[in-house]
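A.B. asks: Take a look at the letters that make up each chain.
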Amino acid sequence: KQEVTQIPAALSVPEGENLVLNCSFTDSAIYNLQWFRQDPGKGLTSLLLIQSSQREQTSGRLNASLDKSSGRSTLYIAASQPGDSATYLCAVNTNAGKSTFGDGTTLTVKP
Amino acid sequence: GAGVSQSPSNKVTEKGKDVELRCDPISGHTALYWYRQSLGQGLEFLIYFQGNSAPDKSGLPSDRFSAERTGGSVSTLTIQRTQQEDSAVYLCASRSYGGTEAFFGQGTRLTVV
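Chains A and B, in that order, give the protein sequences. Numbering-wise (my numbering), the first sequence opens with residue 1 and increments by one. Numbering-wise (my numbering), the second sequence opens with residue 1 and increments by one.
It is worth saying that the hints were derived from the structure and are not from the lab. Please note: incorrect hints may appear among the correct ones.
To spell it out: a stretch of chain A is covered by chain B in this simulated footprint if at least three of its residues, at any positions, have a beta carbon under 8 Å from a beta carbon of chain B; those stretches are [unchecked claim]: (1) 45-53; (2) 100-110.
A short, non-exhaustive set of chain B residues, derived as facing chain A with CB atoms under 10 Å [to be verified]: (3) Gly42; (4) Gln50; (5) Phe65; (6) Glu101; (7) Phe104.
Residues of chain B placed beyond 12 Å of chain A at every Cβ, according to the derived structure [stated by the list, open to error]: (8) Val19; (9) Arg22; (10) Asp63; (11) Arg109.
Because the structure is a prediction, the values reported are computed rather than measured. Just so you know, even glycine gets a beta-carbon here, dropped at the ideal spot from N, CA and C.
Let the hints inform the model, and build the full structure from the sequences given.
C.D. replies: Right under this line is the structure:
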């Protein structure tokens, strides 16, 4: 059974810092991996999707890496802003599209 | 519609009552997924549809939970005899045939009192 772990559970940083969120998974037979953002009381916003054959994806200040063989992914956020404050969820997906989610990292960026 | 639509957005129900939650996937998307997000439980998979059939129901927590999908489009998740532990946000997602990414709705927040 796939298990996804996210570390740390919570992170607080001053504005402007670069930061890294970690995601690990137990079964490397994944189809792709996705990072989401969730604001309090809201749904999921997809940030980056990495296919199993890819090593990284970039979107603006966000960069996600994937090392499938070691079961790890990182989300790098550059020059953090207070608007980045949210919970970040990592999901690993089967080729049928079924997702297994981590418990998330709650990020607070202080002005 | 442009995105996955779920209704109602909020539902408060009395313990023991039945509830129906609705998901309208993105038009043309063949795959549809239901997830539940409970306090302290994270996001957990409930059921997956491909067309109108459900090849994976492994996440349904009890026989009080059922789901159907008709016409390869709208899906309804039904919870019978609701219990307080059913209180959660229920999220729906859809994906196109051969697509790589599932798109999520905004969820239905269910509160059982």
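A.B. asks: Are the hints correct? Go through all of them and say.
C.D. replies: Evaluation of the provided hints:
For the stretch 45-53 of chain A, the proposed coverage by chain B is satisfied: 3 residues have a C-beta within less than 8 Å of a C-beta in that chain, meeting the threshold of three. Proximity of the stretch 100-110 of chain A to chain B, defined as three or more residues with a beta carbon under 8 Å from a beta carbon of that chain, is established by the 5 residues found. Checking glycine 42(B) against chain A: minimum C-beta separation of about 4 Å stays under 10 Å; hint holds. Interface restraint check: glutamine 50(B) against chain A, minimum CB-CB distance 8 Å, threshold 10 Å, status holds.
At about 17 Å, the closest approach between the beta carbon of phenylalanine 65(B) and any beta carbon in chain A exceeds 10 Å, and the interface hint on this residue is violated. Hint status for glutamate 101(B): holds, given a least beta-carbon distance of 5 Å to chain A, under 10 Å. Using the Cβ-Cβ criterion of 10 Å, the hint placing phenylalanine 104(B) at the interface with chain A is satisfied: the shortest such distance is roughly 4 Å. Every C-beta of chain A lies more than 12 Å from that of valine 19(B), the closest at about 19 Å, which supports listing it as non-interface.
A cut-off of 12 Å between C-beta atoms confirms that arginine 22(B) is not in contact with chain A; the least separation is 15 Å. Here aspartate 63(B) stays apart from chain A, with its beta-carbon at least about 21 Å from theirs, past the 12 Å limit. Not every CB of chain A is more than 12 Å from the CB of arginine 109(B) (nearest about 8 Å), against its label as outside the interface.
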